[in-house]
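J.: Letter by letter, the chains look like this.
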Amino acid sequence: MQIFVDAWSEGWAMLISGSVGVWQIVGTSILLSGTATLLALLIGLPVGYLVGAKRFLGRRAALVIFNAGMGLPPTVVGLVVAMTFSRRGPLGFMNLLYTRPVVVIAQLIIAVPVVMAITAAAVSAVPRDLTLQARSLGAGALRVGALILSEARMGLLAAVAGGFGAIISEVGAVQMVGGNLEGDTRVMTTAMVQFTRQGDYGPALALAVVLMAIVIFVNIVLTGFQTSADHWEAGAR
Amino acid sequence: MLAAVLLFSMAGCSKPATSSTSAEKAVSPEVILASTTSTQDSGLFGVLIPAFEKAYPQYKVKVIAVGSGEALKLGQSKDADVLLVHSPAAELKFLADGYAKTRQDVMFNDFVIVGPKADPAGVKGSADTTAAMLAIQKAGKAGKATFISRGDKSGTNTKELTLWAKSGIATPTPAADTWYVSTGQGMGETAKVADEKSAYTLIDRGTWLSMAAQLPGLEIVLEKQKALLNQYGVIVIPESKNQAGGQAFADWIVSAEAQKVIGEFGVAKYGQQLFIPNAK
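Top line first, the protein sequences correspond to chains Y and L. For the first sequence, my numbering gives the first residue as 281, with consecutive numbering after it. For the second sequence, my numbering gives the first residue as 25, with consecutive numbering after it.
If we strip away everything but chain Y, and leave its shape as in the complex, we get (with noise of 0.2 Å):
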């Protein structure tokens, strides 16, 4: 076990001292899955509230695909997104690749279906006959929509929660079409993959518990929403 002892001193004193290179890098991670998760829930939303809400010919087919696109393997995305954005690829002309705008583009591609598909699953759960009672009193489309929406945001706040999942602790894609480039690119798991391969199990072992630490902080944040919400429920009826 002495080595996780050595490791985890090492990882601590560069915590604390606010060592540059592992805050960096943390800041790195959250900065570019954050804003992923933005561009995912503005596209994922939408979308997944139609297919959940509406009755329309080929519904199950879109629930098919994103629920097929939440296994979507991410160094499958990688790989797609890497040939895209090479020199050589139809959009290489962009000079993007090895860069952080094409790292949020392979990380929405990873989130959009996840946010989609438990966005889609949520808005269903909402009972039908509850907006039905709401347009016989008179609602519009809108009035409607955002009854639903506030019937199901648990689901909703499950699809934030499940999209920026996805995508903080992912090392494939982002490894592939940002090359862990130190200061640019450098992500918390990229670069845990990098200090394990050079044996530098200090700072990996510190980036390894504040990637524990954010995931387990995100829970508690939803969690925390889900009871307060189920209270304030309890307490209406």
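For the record, the hints were derived by calculation from the structure and aren't laboratory data. Backbone N, C-alpha and C define an ideal beta-carbon position, used for all residues, glycine too. Be careful, since some hints might not be right.
Stated by the list, open to error - Residues from chain L shown here face chain Y by an in silico Cβ test under 7 Å; the list is partial:
1. 86
2. 87
3. 90
4. 97
5. 206
6. 207
7. 208
Said to hold, decoys possible - In silico negatives: residues of chain L with every beta carbon more than 10 Å from chain Y:
8. 71
9. 154
10. 165
11. 166
12. 302
As the list claims (entries may be wrong) - What follows is a list of derived Cβ distance ranges for each label pair:
13. 263/L <-> 352/Y: 44 to 50 Å
14. 244/L <-> 369/Y: 23 to 29 Å
15. 351/Y <-> 293/L: 37 to 43 Å
16. 113/L <-> 464/Y: 26 to 32 Å
17. 344/Y <-> 262/L: 58 to 64 Å
18. 284/L <-> 352/Y: 24 to 30 Å
Using the hints provided, position chain L relative to the given structure of chain Y.
T.: Leaving out everything else, chain L in the frame of chain Y:
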């Protein structure tokens, strides 16, 4: 420590099985060779390992291709049986620190500096590496060139840092020097980044020749310099899991037979030797 316990328990589990199935074989078949990504990426192991396994059918070689720095660490923790690395100064320190007893020269190859075909820093025609590194730094500061570093403590990375130092340039860092990019990855990935970013990088000739077709934007801008030579050494790790196997590999790689394999590697495919055998 944990790794050692794991290895020990694994050995403990597998031993009864092997002794009951093949009683004549007391030797452990797996030899763990820690070596560099350059030897792996150039394809040398693709011919060298099968030749060794033919000469010593009782052994199976498992290659761990990492930077020279990490390979030495694997030796230090006895997670490898034998090392084939190219960081002579670090290797001698490894011996001095008592982690191994002997180190033998095996072969050398050379590095080349590659860069964008337009050569914005004007490295082509530099008299030596000092002039080349100064030209890259100057163009980099002017925003006309980028240098991609391995940044992974590998033998290639160590060599690159030596070249800056020899040119009187303080070690560049991505934080202070916008023209200096560090990938923290292997030779192949780093060369790919250099190609995509139209940048300069230091690369061993073997990896360059095997990858040149995939790096259409790059060409050699400086080569055949004494400062670019790269010596490989073999080190047997004492008291490793399979020290006998490691010793067999080390003895074989400096033998006339293996040295011939090394000298012939790449000649048919690239029309030139990639590694020059020089075991004594």
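J.: Take the hints in turn and mark each one as holding or not.
T.: Okay, the hints, checked on the actual structure:
1. Annotation: residue 86/L was flagged as interfacial toward chain Y, and the flag is violated, the nearest CB pair being 17 Å apart, outside 7 Å.
2. Against a cut-off of 7 Å between C-beta atoms, the interface hint on residue 87/L is violated, since the closest Cβ of chain Y lies about 15 Å away.
3. With 7 Å as the threshold, the beta carbon of residue 90/L comes within range of chain Y, its nearest partner Cβ sitting at about 6 Å, so the hint holds.
4. Look at residue 97/L: its Cβ gets to within about 4 Å of chain Y, closer than 7 Å, so that hint holds up.
5. A cut of 7 Å between beta carbons decides the hint on residue 206/L: the least distance to chain Y is about 4 Å, and the hint holds.
6. The beta carbon of residue 207/L is positioned within 7 Å of a beta carbon in chain Y (closest approach about 6 Å), and the interface hint is therefore held.
7. Annotation: residue 208/L was flagged as interfacial toward chain Y, and the flag holds, the nearest CB pair being 4 Å apart, inside 7 Å.
8. Annotated as non-interface, residue 71/L keeps its C-beta farther than 10 Å from every C-beta of chain Y; the closest such distance is 26 Å.
9. A cut-off of 10 Å between C-beta atoms confirms that residue 154/L is not in contact with chain Y; the least separation is 25 Å.
10. A cut-off of 10 Å between C-beta atoms confirms that residue 165/L is not in contact with chain Y; the least separation is 17 Å.
11. Distance to chain Y confirms residue 166/L as a non-interface residue, since its nearest Cβ pair spans about 19 Å, more than 10 Å.
12. The non-interface label for residue 302/L is consistent with chain Y: the shortest C-beta to C-beta separation is roughly 29 Å, beyond 10 Å.
13. About 47 Å separates the C-beta atoms of residue 263/L and residue 352/Y, a value consistent with the hinted range of 44 to 50 Å.
14. In this structure the supplied range 23 to 29 Å holds for residue 244/L paired with residue 369/Y, their Cβ-Cβ distance being about 25 Å.
15. A hinted range of 37 to 43 Å holds for the C-beta pair residue 351/Y and residue 293/L, which are about 41 Å apart.
16. The hint said 26 to 32 Å for the Cβ distance between residue 113/L and residue 464/Y, and at roughly 30 Å that hint holds.
17. Separation of residue 344/Y from residue 262/L is about 60 Å and conforms to the stated range, judged on CB atoms against 58 to 64 Å.
18. Between residue 284/L and residue 352/Y the C-beta distance comes to about 50 Å, which lies outside the given range of 24 to 30 Å.
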